[in-house]
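**Student:** As you go down the protein sequences, you meet chains A and B in turn.
If you number the first sequence the way my numbering does, the last residue is 1299 and the count never jumps.
If you number the second sequence the way my numbering does, the last residue is 1299 and the count never jumps.
Among the clues, some could well be false.
Pairs involving identical chains hold if they fit within one copy or between any two copies, as the list cannot separate such chains.
Said to hold, decoys possible - Think about it this way: if two alpha-carbon atoms lie no more than 25 Å apart in a straight line, the pair counts; the simulated SDA-like pairs of lysine to any residue are:
#	residue 1	residue 2
1	K1187	R942
2	K1262	R1274
3	K1292	R916
4	K1292	G1273
5	K1187	G1220
6	K917	R1156
7	K1292	R952
8	K1187	R1274
9	K1292	R1230
10	K1292	A1256
11	K917	E1148
12	K1292	A893
13	K917	T1053
14	K1187	R1129
15	K1262	I1293
16	K917	E1255
17	K1187	S1205
18	K1292	R1259
19	K1292	T1045
20	K1292	G1257
21	K1187	A1139
22	K1262	D1289
Keep in mind that the hints were calculated from the coordinates and are not lab data.
Letter by letter, the chains look like this.
There are 2 protein chains.
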Amino acid sequence: MPVNYATPAPSDLLPVSGVQLGVAEAGIRKANRRDLTVIELDEDSRVAGVFTQNRFCAAPVQVCRANLATGHVRALVINTGVANAGTGAQGLADARTTCEAVARQLEIAPGQVLPFSTGVILEPLPVDRLVAGLPAAVANLRRDGWFDAAHAIMTTDTVAKACSRTVAIGGRPVTVTGISKGAGMIKPNMATMLGFVATDAALDQSLLEQLVREAADVSFNSITVDGDTSTNDSFVLIATGRAENPEIVDPASPDYAALREAVIDVAVRLAQAIVRDGEGATKFMTIAVEGGRDREECRKVGYAIGQSPLVKTAFFASDPNLGRILAAIGYAGIGDLDVDGIRVWLGSAAEEVLVAERGGRAASYREEAGARVMKEAEITVRVDLGRGPANATVWACDFSYDYVKINADYRS
Amino acid sequence: MPVNYATPAPSDLLPVSGVQLGVAEAGIRKANRRDLTVIELDEDSRVAGVFTQNRFCAAPVQVCRANLATGHVRALVINTGVANAGTGAQGLADARTTCEAVARQLEIAPGQVLPFSTGVILEPLPVDRLVAGLPAAVANLRRDGWFDAAHAIMTTDTVAKACSRTVAIGGRPVTVTGISKGAGMIKPNMATMLGFVATDAALDQSLLEQLVREAADVSFNSITVDGDTSTNDSFVLIATGRAENPEIVDPASPDYAALREAVIDVAVRLAQAIVRDGEGATKFMTIAVEGGRDREECRKVGYAIGQSPLVKTAFFASDPNLGRILAAIGYAGIGDLDVDGIRVWLGSAAEEVLVAERGGRAASYREEAGARVMKEAEITVRVDLGRGPANATVWACDFSYDYVKINADYRS
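Starting from the given sequences, assemble the full structure and let the hints guide the process.
**Tutor:** Structure representation (structure tokens):
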């Protein structure tokens, strides 16, 4: 059960003019489940993406990078079941075969297709079954296909993740809709497992590329479930231009600011949804680190706390075992950190409790107050490093029996 | 239950001339358990230590560093139950009070005492109970006290860790005996939770300091249970000189080589014992990384594999989910890693199976062979990075339901 998250109703997911989505059952790994998605984009759509920094990056990620650099993207194709990662030369050939098959169906060029895969690593992609499933997915293409697509890209996810926003830009209503998937092997580095956000806004290509990086940085690149960076992380932002707003070209314009806010809001919600549905999660932790010299050291501290198995099991137990938080801050890798200047709070929606200061437990701290906060499902750990103006937020979940169960059982 | 490890019999632990150990029940945190140990060293003993790099290092670690730098160490005092970490100025005062009380009992100076604490972080040390327990520990001092001391320093350990070796140096028999503790919050950085090794060899102080760092590097600094670097890690090497061998002063001498081999052997066994008794461990993993440009990048890869919750849960399930190993290698942080040059083997005592090469699954690999190896309790993951002459080995354990249970319950 995800922590305070439910998939929106189909009617809450707003179509984006210029985008159609279709799904099918291709039997990639298991029968009788939708495991193939095609997203078709109108001509003149602009696309930008960020991808995993894992050196074992999947074959489709390599093809995406190449096609984004040279092609004018018209379609995305996504399969679950098999990640097509750690598959060598055959994997690359399979990803290219996939693009060629989509291109034939849609009468576009293979270089205009971005392929995405998610699932088991090191297994060959059953590309024949994928190709055989494409006609059904293409026949299924429709503007209100977001809800079905959000379901068809799931693997160990227990709920589909999707989000829509509208915003007025240059006097025109603009829509931003996105979907994402992922529950384990989640510590994205430059992107996440799979995230797709589309808007009908008209936006300059270089601004689109700036926005996809900015949005990834504060959303998918700020979450962790288990600290494992996937081989397939991809986050793609699409702007179709069909809203017919005057094209946004100035990064200092109010129009860009409004669109940026809406895109980041959707990306953050989708990223948080992954953590809320993290494998075995029972708690949603917001780790807000402030007072750092730079953003990078704040992120180090946030991730040290959010990835510590000892912190995560203490949260699972609702145990205010604060020493584990301090230990994680201490080993986060800030060589000249003065622990006497640090303050730490535990917070819920109802209260915030100062737990540590001056290198030790706060004099005002009472165990009952800490225990009260820890009983909640949504908990904020706020850390003031007391050495500068920078801050960063990381979202994480706890570590439960079910995490072990899910990952000891998966694949078998 | 530890993986293939049992505490040696008391008679297998050889006394070290010049070292006496005594234990007592001080009621630091719980009643009716031995939780206080005193180790007394004869005059002229030499001592060197390495300590945690955690910035929230415990008060006793700070006092140890200061006293090692200035004092001529004659005694060590170790309590369990409370770590005296994250305790601010009061913690430092409590550690100094402990040294003063030991010094009074043994008629030495407070600066000649090294204090060590292990247990819950952020709780004040009940120094009055500790001091009250000292006379009983001092009255208990004896040369064959190693077995009892190994038990008295345990916290979540299920077995006591101890090891003895003899080696001939300059025609004289020399003894090396050590004890260690630790089962969780284990990813030592320069040292481990607690490890104490003593020898009666006569050894130059600068060589002793070199040896403690060398031994820590390939033993306690090469293990991980959960990736959490403790606030209290300490590894101390003592040389009493009572074996009356000609003092070893030449690092190129056969005598130094022989002693070095014996000390490292004891340190490695003690470090491995911590992993074998890792919280909830059912498997012991040796991760041998070779073909790296330097030792540091080999260690990065070893730790990425040994700390990945996904790899660890797959080992718990005896599932040869090799993609998770490749993913961990890929995110280990080697920016220019060419995955096509990597080879990976899974091995047991009986066989070694090539599982991956050229960026994908090895053509010769059969799932049955991988499954056969994974059923064993002792498994080696060998990785050839194919880019240089360096190597490093990391030892780790799996991640089980019991890890979560132990850490969700601990403290409560």
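**Student:** If a hint holds in the structure, say so; if it does not, say that too.
**Tutor:** Quick rundown of the hints versus the structure:
1. In the homo-oligomer, the alpha carbons of K1187 and R942 lie at most 25 Å apart both inside one protomer (21 Å) and across protomers (14 Å), since each shortest distance falls under that limit.
2. Taking CA atoms no more than 25 Å apart as the test, K1262 paired with R1274 passes in neither setting, with 31 Å inside one copy and 50 Å between copies.
3. In this homomeric assembly, K1292 and R916 come within 25 Å of each other (Cα to Cα) only inside a single copy, at 21 Å, whereas the closest approach across copies is 33 Å.
4. With identical chains, the CA atoms of K1292 and G1273 are never at most 25 Å apart, being 40 Å at best within one copy and 35 Å at best between copies.
5. Taking CA atoms no more than 25 Å apart as the test, K1187 paired with G1220 passes in both settings, with 7 Å inside one copy and 15 Å between copies.
6. In this assembly of identical chains, the alpha carbons of K917 and R1156 never lie at most 25 Å apart, being 30 Å within a copy and 46 Å across copies at closest.
7. Taking the shortest Cα distances, K1292 and R952 never come within 25 Å of each other, neither inside one copy (35 Å) nor across copies (43 Å).
8. Taking identical chains as interchangeable, the C-alpha atoms of K1187 and R1274 lie at most 25 Å apart only when both belong to the same chain, with a minimum of 15 Å there against 29 Å between chains.
9. In the homo-oligomer, the alpha carbons of K1292 and R1230 never lie at most 25 Å apart, since the shortest distance is 36 Å inside one protomer and 29 Å across protomers.
10. Within a single copy, K1292 and A1256 get their C-alpha atoms only as close as 32 Å, which misses the 25 Å cut-off; across copies the closest is 24 Å, which meets it.
11. Taking CA atoms no more than 25 Å apart as the test, K917 paired with E1148 passes in neither setting, with 39 Å inside one copy and 54 Å between copies.
12. Within a single copy, K1292 and A893 get their C-alpha atoms as close as 23 Å, which meets the 25 Å cut-off; across copies the closest is 29 Å, which misses it.
13. Proximity of K917 and T1053 under a CA criterion of 25 Å is satisfied in neither setting, with 37 Å inside one chain copy and 60 Å between copies.
14. In this homomeric assembly, K1187 and R1129 never come within 25 Å of each other (Cα to Cα): the closest approach is 40 Å inside a single copy and 48 Å across copies.
15. Taking the shortest Cα distances, K1262 and I1293 sit within 25 Å of each other both inside one copy (24 Å) and across copies (19 Å).
16. Only between protomers do K917 and E1255 lie at most 25 Å apart by alpha-carbon distance; the minimum there is 21 Å, versus 49 Å within a single protomer.
17. In this homomeric assembly, K1187 and S1205 come within 25 Å of each other (Cα to Cα) only inside a single copy, at 24 Å, whereas the closest approach across copies is 33 Å.
18. Within a single copy, K1292 and R1259 get their C-alpha atoms only as close as 28 Å, which misses the 25 Å cut-off; across copies the closest is 21 Å, which meets it.
19. Taking identical chains as interchangeable, the C-alpha atoms of K1292 and T1045 lie at most 25 Å apart whether they share a chain (15 Å) or sit on different chains (24 Å).
20. For the homomeric pair K1292 and G1257, the shortest alpha-carbon distance between copies (21 Å) is at most 25 Å, but the shortest distance inside one copy (29 Å) is not.
21. For the homomeric pair K1187 and A1139, neither the shortest alpha-carbon distance inside one copy (30 Å) nor that between copies (42 Å) is at most 25 Å.
22. With identical chains, the CA atoms of K1262 and D1289 are at most 25 Å apart both within one copy (19 Å) and between copies (22 Å).
Checked against the numbered hints listed earlier, the structure breaks hints 2, 4, 6, 7, 9, 11, 13, 14 and 21; every other hint is satisfied.
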